[in-house]
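Number of protein chains: 2
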Amino acid sequence: MNPIKFLEKQGCKVTYLDVGEDGVVKPEDVEKALRPETVLVSIMYANNEIGAIQPIAEIGKILKNHRAIFHTDACQAAGYLNLDVEKLGIDLMTVNGSKIYGPKGTGFLYAKRGIRLKPLMHGGGQEAGLRPGTENVPAIIGLSEALAKVQKRRVKESKRLIAIRDYFIKRLTKEIPKIFLNGHPKKRLPNNINISILGVEGESVVLYLDEAGIACATGSACNSEKLESSHVIMAIRNDYAYSHGSLRFTLGKDNTKKEIDYVMKVLPKVVEKLRKISATWQK
Amino acid sequence: MNPIKFLEKQGCKVTYLDVGEDGVVKPEDVEKALRPETVLVSIMYANNEIGAIQPIAEIGKILKNHRAIFHTDACQAAGYLNLDVEKLGIDLMTVNGSKIYGPKGTGFLYAKRGIRLKPLMHGGGQEAGLRPGTENVPAIIGLSEALAKVQKRRVKESKRLIAIRDYFIKRLTKEIPKIFLNGHPKKRLPNNINISILGVEGESVVLYLDEAGIACATGSACNSEKLESSHVIMAIRNDYAYSHGSLRFTLGKDNTKKEIDYVMKVLPKVVEKLRKISATWQK
Numbered sequence: 044m045n046p047i048k049f050l051e052k053q054g055c056k057v058t059y060l061d062v063g064e065d066g067v068v069k070p071e072d073v074e075k076a077l078r079p080e081t082v083l084v085s086i087m088y089a090n091n092e093i094g095a096i097q098p099i100a101e102i103g104k105i106l107k108n109h110r111a112i113f114h115t116d117a118c119q120a121a122g123y124l125n126l127d128v129e130k131l132g133i134d135l136m137t138v139n140g141s142k143i144y145g146p147k148g149t150g151f152l153y154a155k156r157g158i159r160l161k162p163l164m165h166g167g168g169q170e171a172g173l174r175p176g177t178e179n180v181p182a183i184i185g186l187s188e189a190l191a192k193v194q195k196r197r198v199k200e201s202k203r204l205i206a207i208r209d210y211f212i213k214r215l216t217k218e219i220p221k222i223f224l225n226g227h228p229k230k231r232l233p234n235n236i237n238i239s240i241l242g243v244e245g246e247s248v249v250l251y252l253d254e255a256g257i258a259c260a261t262g263s264a265c266n267s268e269k270l271e272s273s274h275v276i277m278a279i280r281n282d283y284a285y286s287h288g289s290l291r292f293t294l295g296k297d298n299t300k301k302e303i304d305y306v307m308k309v310l311p312k313v314v315e316k317l318r319k320i321s322a323t324w325q326k
Numbered sequence: 044m045n046p047i048k049f050l051e052k053q054g055c056k057v058t059y060l061d062v063g064e065d066g067v068v069k070p071e072d073v074e075k076a077l078r079p080e081t082v083l084v085s086i087m088y089a090n091n092e093i094g095a096i097q098p099i100a101e102i103g104k105i106l107k108n109h110r111a112i113f114h115t116d117a118c119q120a121a122g123y124l125n126l127d128v129e130k131l132g133i134d135l136m137t138v139n140g141s142k143i144y145g146p147k148g149t150g151f152l153y154a155k156r157g158i159r160l161k162p163l164m165h166g167g168g169q170e171a172g173l174r175p176g177t178e179n180v181p182a183i184i185g186l187s188e189a190l191a192k193v194q195k196r197r198v199k200e201s202k203r204l205i206a207i208r209d210y211f212i213k214r215l216t217k218e219i220p221k222i223f224l225n226g227h228p229k230k231r232l233p234n235n236i237n238i239s240i241l242g243v244e245g246e247s248v249v250l251y252l253d254e255a256g257i258a259c260a261t262g263s264a265c266n267s268e269k270l271e272s273s274h275v276i277m278a279i280r281n282d283y284a285y286s287h288g289s290l291r292f293t294l295g296k297d298n299t300k301k302e303i304d305y306v307m308k309v310l311p312k313v314v315e316k317l318r319k320i321s322a323t324w325q326k
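Order-wise, the sequence lines are chains L and W.
The opening residue of the first sequence carries number 44 in the working numbering; numbering runs sequentially from there.
The opening residue of the second sequence carries number 44 in the working numbering; numbering runs sequentially from there.
Just so you know, the hints here were simulated from the structure itself, not pulled from any lab data.
Model, not experiment: these values are computed from the prediction.
Among the hints, a few may not be true.
Identical chains share a label here; the pair holds if one copy fits it or two copies do between them.
What the hints assert, rightly or not - With a straight-line Cα cutoff of 27 Å, these simulated DSSO-like cross-link-like pairs (lysine-lysine) come out:
| hint | residue 1 | residue 2 |
| --- | --- | --- |
| 1 | Lys147 | Lys192 |
| 2 | Lys301 | Lys230 |
| 3 | Lys229 | Lys300 |
| 4 | Lys69 | Lys300 |
Let's have the full structure, built from the sequences with the hints guiding it.
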């Protein structure tokens with residue numbers, strides 16, 4: 044959002060697309076929004092808060108006959124989804140290392156042959172003049188290895204996580220009253236659980252769970268210092284009760300079903316306690 | 044140079060200062076070049092090719108009564124020189140990790156309190172909105188530890204390296220004819236030896252020495268892919284014979300006098316061999 048807002052300030056005309064309640068962009072909306080002068084379409088592959096998987100291949104097909112360059116942010120997707128850029132019709136793709144068990148501080152931009160990029164920084168001629176600075180070779184190798192590894196095991200690992208995810212969602216919605224899943228139940232990343240718990244502040248739940256050794260988040264990690272309401276939850280719910288009470292659990296390679304059972308031992312009590320002192324909760 | 048050239052293209056008025064044969068900027072030249080509207084003075088603390096140490100503290104004094112912000116690139120200096128930004132009168136200082144045995148891919152910009160910076164990239168609000176991206180905590184800690192360590196031992200280590208450096212320079216100029224030290228013999232980094240060997244191509248010497256297990260360079264490491272003549276050697280010598288035949292040895296914490304003896308066993312033979320087939324060498 045922020046690079047786009049910055050470009051808008053520089054005079055670029057930007058169209059922001061709406062999403063449905065499931066958090067998914069409709070390919071026909073992309074098609075309708077295209078203008079002859081449109082130079083860039085950027086749709087994230089999977090959302091970082093609610094895990095909504097976007098129909099990238101379908102959008103890629105629509106853009107095939109348009110001059111616009113198609114960019115996708117695949118940071119959340121790289122561990123679980125197909126990254127075949129040709130099949131997806133992608134021109135530019137961003138992936139980072141820390142989401143796929145790679146080295147921190149790494150990432151890459153895939154650019155289709157023929158796309159000319161302008162550097163953001165100027166200095167040494169490293170990386171074909173695109174990014175100055177002594178190349179961090181171990182980190183580059185690490186990122187490449189990490190991507191190869193997660194992509195190799197992505198189908199098997201997705202299956203394993205989907206089972207845990209759906210078990211967790213089932214127990215959450217069954218055992219805690221007035222709790223709602225954000226985003227589509229199936230068109231979501233295997234590792235993403237995002238819920239709104241009415242009548243509580245998500246931030247308070249995070250703190251109580253942290254005390255019990257459970258790590259979860261409200262909103263995105265990048266904005267964890269701000270206490271602003273999640274713009275993603277607002278986009279799909281348009282209701283502060285849902286965004287204030289939203290909570291994200293993200294599963295990883297080491298998480299197990301047993302850990303979910305532990306969360307389900309702790310979380311209902313935390314919610315009950317917080318609702319007792321809540322000004323917005325009515326039984 | 045390249046960020047400045049980029050700004051120049053954007054319409055900024057830039058004055059490039061000359062250096063003497065020793066590669067050192069004269070403080071009075073800085074003073075003369077200042078205009079009332081000058082907003083930035085950037086002088087590197089020590090040069091990356093010939094190791095010339097610039098009179099930063101003197102220039103800092105001159106700038107005290109001027110609005111211009113004083114920036115120094117201290118990447119080469121951080122391991123050996125005093126980084127007391129207040130004493131030096133510095134407003135902005137860049138340091139990188141890989142030159143001080145810190146983690147690759149790291150660096151920092153010191154900014155004096157009150158200086159407002161604009162981000163180059165836009166995204167997450169990390170680092171007070173100045174640089175988006177998940178913070179690489181281990182690398183940050185590593186950089187900080189590395190700087191503390193090199194600064195702690197800098198006086199002792201400088202003394203050790205100066206002895207090796209001067210021994211090397213003495214043998215080079217004594218044992219190989221028509222070899223010249225580039226830069227000031229004393230106002231240079233303890234670890235830098237830069238010479239011009241007339242009648243040979245520096246690049247050929249690099250290759251032969253590499254075969255013998257000796258690592259050295261022509262020009263800067265950042266431009267090692269280009270075979271252009273060093274603009275630094277040209278600035279002090281204004282003679283292609285000197286820049287083509289220039290060679291840089293950089294000492295580090297593990298180098299010893301014994302290794303210099305080994306280089307002095309190999310290098311004279313390499314020079315002799317290359318001069319035999321040289322079109323520009325006359326006995």
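How the hints compare with the structure:
no. : hint            : result
1   : Lys147 x Lys192 : both (16 Å within a copy, 23 Å between copies)
2   : Lys301 x Lys230 : within (25 Å within a copy, 66 Å between copies)
3   : Lys229 x Lys300 : within (19 Å within a copy, 67 Å between copies)
4   : Lys69 x Lys300  : neither (34 Å within a copy, 69 Å between copies)
When each numbered hint is compared with the structure, a violation occurs for hint 4 only.
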